[in-house]
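Enquirer: Model the placement of chain F on the given structure of chain E, informed by the hints.
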Amino acid sequence: DAGITQSPRHKVTETGTPVTLRCHQTENHRYMYWYRQDPGHGLRLIHYSYGVKDTDKGEVSDGYSVSRSKTEDFLLTLESATSSQTSVYFCAIRTVHNEQFFGPGTRLTVL
Amino acid sequence: GNSVTQMEGPVTLSEEAFLTINCTYTATGYPSLFWYVQYPGEGLQLLLKATKADDKGSNKGFEATYRKETTSFHLEKGSVQVSDSAVYFCALSEGNNDMRFGAGTRLTVKP
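Chains as they are written, first to last, in the working numbering: chain E, 19 to 129; chain F, 135 to 245.
Please note that a few of the clues may not be correct.
Computed list of lysine to any residue pairs in SDA-like fashion (alpha-carbon distance at most 25 Å, straight line) [unchecked claim]:
| id | chain 1 | residue 1 | chain 2 | residue 2 |
| --- | --- | --- | --- | --- |
| 1 | E | K71 | F | Y164 |
| 2 | E | K71 | E | H42 |
| 3 | F | K211 | E | E117 |
| 4 | E | K75 | E | T104 |
Derived by calculation from the structure, the hints in this document are not laboratory data.
Chain F with its partners taken away, still in its complex shape:
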């Protein structure tokens, strides 16, 4: 079945550092890929998405490229801020009911 594996955290960075959170997936067909962010005490918020190979999703300085050849969708940001501290979830969807999530990666950014 479909599944998502993302790098385990926690990840701790200094402000303005470069961020990469790795995500790889297993799917039987051609899924859409997503990154969600969860701030403390809140629900998940859609950060970005990509629907086909080589698509790049981007939002708020975050980017991820759908790489079919490596089955990956790594999240990157060039310069993180303290306000980016949150838990990040990679997810895939291949149908009406089948959104699968990674376990989440907690990011802490220190001033």
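Chain E with its partners taken away, still in its complex shape:
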């Protein structure tokens, strides 16, 4: 357990609304990641952070933004949710041994 929590754990929203997901870690890891999990695709990287206020895009970043104002919190925002963003979202941290540990996930449904 790497002390990672995600909130909310479940959310249903409507197309066009903004949504923010939160990832919180308690162990001061520098690197944090947001992935989405969809059937047949495994996990795909949305954005990642390598420090406070330092972020970069991943493989599927369109329609998403992130912010990291504190080491422990990494926020993922869907600017205007679409049905294609219905997914399970996982946050992860990376240790100094290059291992990634994952949070419990957020199931997002966009109607």
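Expert: What follows is chain F alone, placed relative to chain E:
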């Protein structure tokens, strides 16, 4: 770019059967290789890893050997249990932001 291909499931076995889940990779350099396991409703958990050619990762009776010559990292277990039923993901990492996952293989073990 880097990628991971793992055998499609689902895989159904009887308890105490031998398990192999194939994983092959494409990478430009010398990646670290991982197997993750996901139980229903949970995040991914690191099962084992190997960081260089010929390394064997092992944990909970599972093993995988990093084979550079065949670019493979197949997961094996000699005698599966019902509690091993889960989705297994092969992954590789070659840097700070580039962890690539296979699509996942669902394993069901029947009593």
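Enquirer: Broken hints, numbered, in rising order?
Expert: 1
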